[in-house]
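Protein chains: 2
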Amino acid sequence: MKGITPPLNVEESGGGVMRFSPDEALRLESGGQLNGFEVGYRTYGQLNSDASNAILVCHALTGDQYVASPHPTTGKPGWWIELIGPGKPLDTGRYFIICTNVIGGCMGSTGPSSTDPATGAPYGLTFPVITIGDMVRAQALLVEKLGITTLFAVVGGSMGGMQVLQWTVDYPNRVFSAVCIASAPRHSAQNIALNEVGRQAIMADPDWRGGDYAGLGTRPEKGLAVARMAAHITYLSEAALQRKFGREFQKDGVSWGFDADFQVESYLRHQGASFVDRFDANSYLYITRAMDYFDLAVAHGGVLAEAFRRARQVRFCVLSFTSDWLYPTTESRDIVRALNAAGARVSFVEIESDKGHDAFLLHEPVMEAALSGFVASAAKARGLKS
Amino acid sequence: MKGITPPLNVEESGGGVMRFSPDEALRLESGGQLNGFEVGYRTYGQLNSDASNAILVCHALTGDQYVASPHPTTGKPGWWIELIGPGKPLDTGRYFIICTNVIGGCMGSTGPSSTDPATGAPYGLTFPVITIGDMVRAQALLVEKLGITTLFAVVGGSMGGMQVLQWTVDYPNRVFSAVCIASAPRHSAQNIALNEVGRQAIMADPDWRGGDYAGLGTRPEKGLAVARMAAHITYLSEAALQRKFGREFQKDGVSWGFDADFQVESYLRHQGASFVDRFDANSYLYITRAMDYFDLAVAHGGVLAEAFRRARQVRFCVLSFTSDWLYPTTESRDIVRALNAAGARVSFVEIESDKGHDAFLLHEPVMEAALSGFVASAAKARGLKS
Chain A
0 MKGITPPLNV
10 EESGGGVMRF
20 SPDEALRLES
30 GGQLNGFEVG
40 YRTYGQLNSD
50 ASNAILVCHA
60 LTGDQYVASP
70 HPTTGKPGWW
80 IELIGPGKPL
90 DTGRYFIICT
100 NVIGGCMGST
110 GPSSTDPATG
120 APYGLTFPVI
130 TIGDMVRAQA
140 LLVEKLGITT
150 LFAVVGGSMG
160 GMQVLQWTVD
170 YPNRVFSAVC
180 IASAPRHSAQ
190 NIALNEVGRQ
200 AIMADPDWRG
210 GDYAGLGTRP
220 EKGLAVARMA
230 AHITYLSEAA
240 LQRKFGREFQ
250 KDGVSWGFDA
260 DFQVESYLRH
270 QGASFVDRFD
280 ANSYLYITRA
290 MDYFDLAVAH
300 GGVLAEAFRR
310 ARQVRFCVLS
320 FTSDWLYPTT
330 ESRDIVRALN
340 AAGARVSFVE
350 IESDKGHDAF
360 LLHEPVMEAA
370 LSGFVASAAK
380 ARGLKS
Chain B
0 MKGITPPLNV
10 EESGGGVMRF
20 SPDEALRLES
30 GGQLNGFEVG
40 YRTYGQLNSD
50 ASNAILVCHA
60 LTGDQYVASP
70 HPTTGKPGWW
80 IELIGPGKPL
90 DTGRYFIICT
100 NVIGGCMGST
110 GPSSTDPATG
120 APYGLTFPVI
130 TIGDMVRAQA
140 LLVEKLGITT
150 LFAVVGGSMG
160 GMQVLQWTVD
170 YPNRVFSAVC
180 IASAPRHSAQ
190 NIALNEVGRQ
200 AIMADPDWRG
210 GDYAGLGTRP
220 EKGLAVARMA
230 AHITYLSEAA
240 LQRKFGREFQ
250 KDGVSWGFDA
260 DFQVESYLRH
270 QGASFVDRFD
280 ANSYLYITRA
290 MDYFDLAVAH
300 GGVLAEAFRR
310 ARQVRFCVLS
320 FTSDWLYPTT
330 ESRDIVRALN
340 AAGARVSFVE
350 IESDKGHDAF
360 LLHEPVMEAA
370 LSGFVASAAK
380 ARGLKS
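Heads up: the sequence lines are chains A and B, in that order.
For the first sequence, numbering that gives the first Met the number 0 assigns the number 0 to the initial residue and increments by one for each residue that follows.
For the second sequence, numbering that gives the first Met the number 0 assigns the number 0 to the initial residue and increments by one for each residue that follows.
Keep in mind that the hints were calculated from the coordinates and are not lab data.
Positions of the beta carbon are idealized from the N, C-alpha and C atoms, including for glycine.
It is possible that some hints are incorrect.
[As the list claims (entries may be wrong)] Per the computed footprint, the stretches of chain A lying under chain B, defined by three or more beta-carbons under 8 Å from a beta-carbon of chain B, are:
| id | stretch |
| --- | --- |
| 1 | 192-206 |
| 2 | 223-234 |
| 3 | 250-257 |
| 4 | 267-278 |
| 5 | 283-294 |
| 6 | 344-355 |
[What the hints assert, rightly or not] List time: in silico SDA-like cross-link candidates among lysine to any residue, alpha-carbon distance up to 25 Å:
| id | chain 1 | residue 1 | chain 2 | residue 2 |
| --- | --- | --- | --- | --- |
| 7 | B | LYS87 | B | GLY372 |
| 8 | A | LYS250 | B | ALA296 |
| 9 | B | LYS87 | B | LEU383 |
| 10 | B | LYS250 | A | GLY300 |
| 11 | A | LYS250 | B | VAL297 |
| 12 | B | LYS243 | A | ALA296 |
| 13 | A | LYS243 | B | ALA296 |
| 14 | B | LYS250 | A | HIS299 |
| 15 | A | LYS250 | B | ARG332 |
| 16 | B | LYS243 | A | TRP324 |
| 17 | A | LYS250 | B | ASP294 |
| 18 | A | LYS384 | A | ASP49 |
| 19 | B | LYS243 | A | VAL302 |
| 20 | A | LYS384 | A | GLY372 |
| 21 | A | LYS250 | B | THR125 |
| 22 | A | LYS250 | B | VAL302 |
| 23 | A | LYS243 | B | THR329 |
| 24 | B | LYS250 | B | ALA272 |
| 25 | A | LYS144 | A | THR328 |
| 26 | A | LYS250 | B | ALA298 |
| 27 | A | LYS243 | B | TRP324 |
| 28 | B | LYS250 | A | VAL302 |
| 29 | A | LYS243 | B | GLY74 |
| 30 | A | LYS243 | B | VAL302 |
| 31 | B | LYS243 | A | ARG332 |
| 32 | B | LYS250 | A | LEU124 |
| 33 | A | LYS243 | B | ARG332 |
| 34 | B | LYS250 | A | SER29 |
| 35 | B | LYS250 | A | ALA298 |
| 36 | A | LYS250 | B | HIS299 |
| 37 | B | LYS243 | A | GLY372 |
| 38 | A | LYS243 | B | GLY300 |
| 39 | A | LYS250 | B | GLY30 |
| 40 | A | LYS379 | A | THR148 |
Excised from the complex, chain A in its bound form (with noise of 0.2 Å):
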């Protein structure tokens, strides 16, 4: 990470909150709806005239929809400034980038820090449990009103992949191609478990006060800092770790205590203290349980084949990294047999690297090269100019 300086930032963009009259009530996979609810999104370069070019990008856990312009809160660069801007393999000039804070999210979307219309507080653990198919509800509601019926591609890593393949099971005739990185067609029962693990560490946390702690005025700072520690090992390799840190000291060396000694304990801990002031307990409460109960092939009898036979035309690309143990190859091995039995059209590439899950969010050249040239032939299939 260090000594890189990070790319320039997109100029050009747009966006905002898009919201939504109390009669465009958002329905949810539980049974209940949101009415009058928003979505916080961006958008960088300019929609073509036959709204032909548009992307879909769609975040993970904790990212949000400043793709490529600073975050408002840490204002730091985009998040996949990597991939998105003049000539990357997202190419501004060329294509429409949309970006959108997901529902339950709380960088503009509605979520569980929103106020409740209907009691003017705010919603804490009265919010609606959501699921990645909510999500991909609210985000087809979003690109109709931008006024466009098909997208050109939808993206995302991690469970912004899950969107993706939700997105191509939901609307396969607004979807022209789908890339799906790092990611699954179901929550494993280890992650799971880490999801729980995080949950329950917010949940311990006294300031957390049963979800109510944004009308109590408290935070529960160190619980969720102890959730992103614990994710955040999962996001790297143990090689990646060793590699950053080893086992060398701060400063001073051995302080026989239980000061950070080492430097990745160091790291460990500004990452937890980093992430609570960007984002809300509730919100990871949430997200993560949107995750967990992500299983594409549950509506379709257990057989992921089927989920797909309607998005036959659609053309996929599946991305996974060797050292990635959070999501490994394996899974998206699953996606690809799957699409391959339903008769859809998969590119897959397995990539070597020993930066973990991390990598997709990573100047990673074999996956800029590969999301470069699918992106082109798709461009190419579609018709658009160049």
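Knowing the structure of chain A, use the given hints to seat chain B on it.
Just chain B now, with coordinates in the frame of chain A:
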């Protein structure tokens, strides 16, 4: 775990708490010392007339001396009853088995919950930071008190394996053979990071009270439970979690909330909740710290083979499990390579198992056979009557 009748505990056992007088201080690597320390221990079987049949078993992070007899708090059978007993690989009809609670622990050995003789109050965080070397030094003093000059074998898994290696480095002439299972010659960056998450979870609990909870009548149970849950995931392989739980729901399926919907969540919560009944939070801090500081090579110019140079005549057995990602086979291979370079005799078996790190505590026929074979061969070399 279901459907297996727990094996009987070993009937013939002894032990208790060995009290060392104030003039028998335990010198510590940190520079301090413990005056009037105690060591909790259990023994099984009979020491023979020339005290040549003693096997020291070393426990892991949350283990204790109840290796083959019921736990006094939980009533559960000894944690290594698969390996220890009449006719078992560590045959109590033939060997005299000793297991001590580590210094820093909470089952009878002096640790942070013990009373500081200088103040009459529990040590809490005034307890000195201890190391694997300190644990071993306390064991060596106990073994001497029991009239044993040379141990026939030292055996342990995980942190127990670290103690085994430390024994051969610090007391090469007092160890005839050594069995190191699912362990490492140094704690990796990933494992330091995982331990740090557990410590942060404990210290985030307001009931921890800066470590003074014992005197203040609170217990950081929520923090300790979260630490245990996070750690427990690392003890299992992804495959084991998938096989045991998959995405199976509890009773009635989706609750659309934050109850333990999935069986894996319920299991983890149970692991956390039951752990706090038998373990002390400060001991968790101190023992994880000892693991983090563990790096056998560091006192030998960073060359592991140098650490083993004086242990050349010890007979080593190193075992690892294919699906153990906490202490992967690569780390056992590092031990084996260093032992080879040092000219020591070593048997190494990587055991095919999908049970993860936990495998060393379970019924693993290949492990049992390897251990039996190694111990029998060592007994023959030692001239022990069969």
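Check: So which hints don't hold here, by number, going up?
Finding: Going through the list in order, the structure violates hints 6, 15, 25, 29 and 37 and respects the others.
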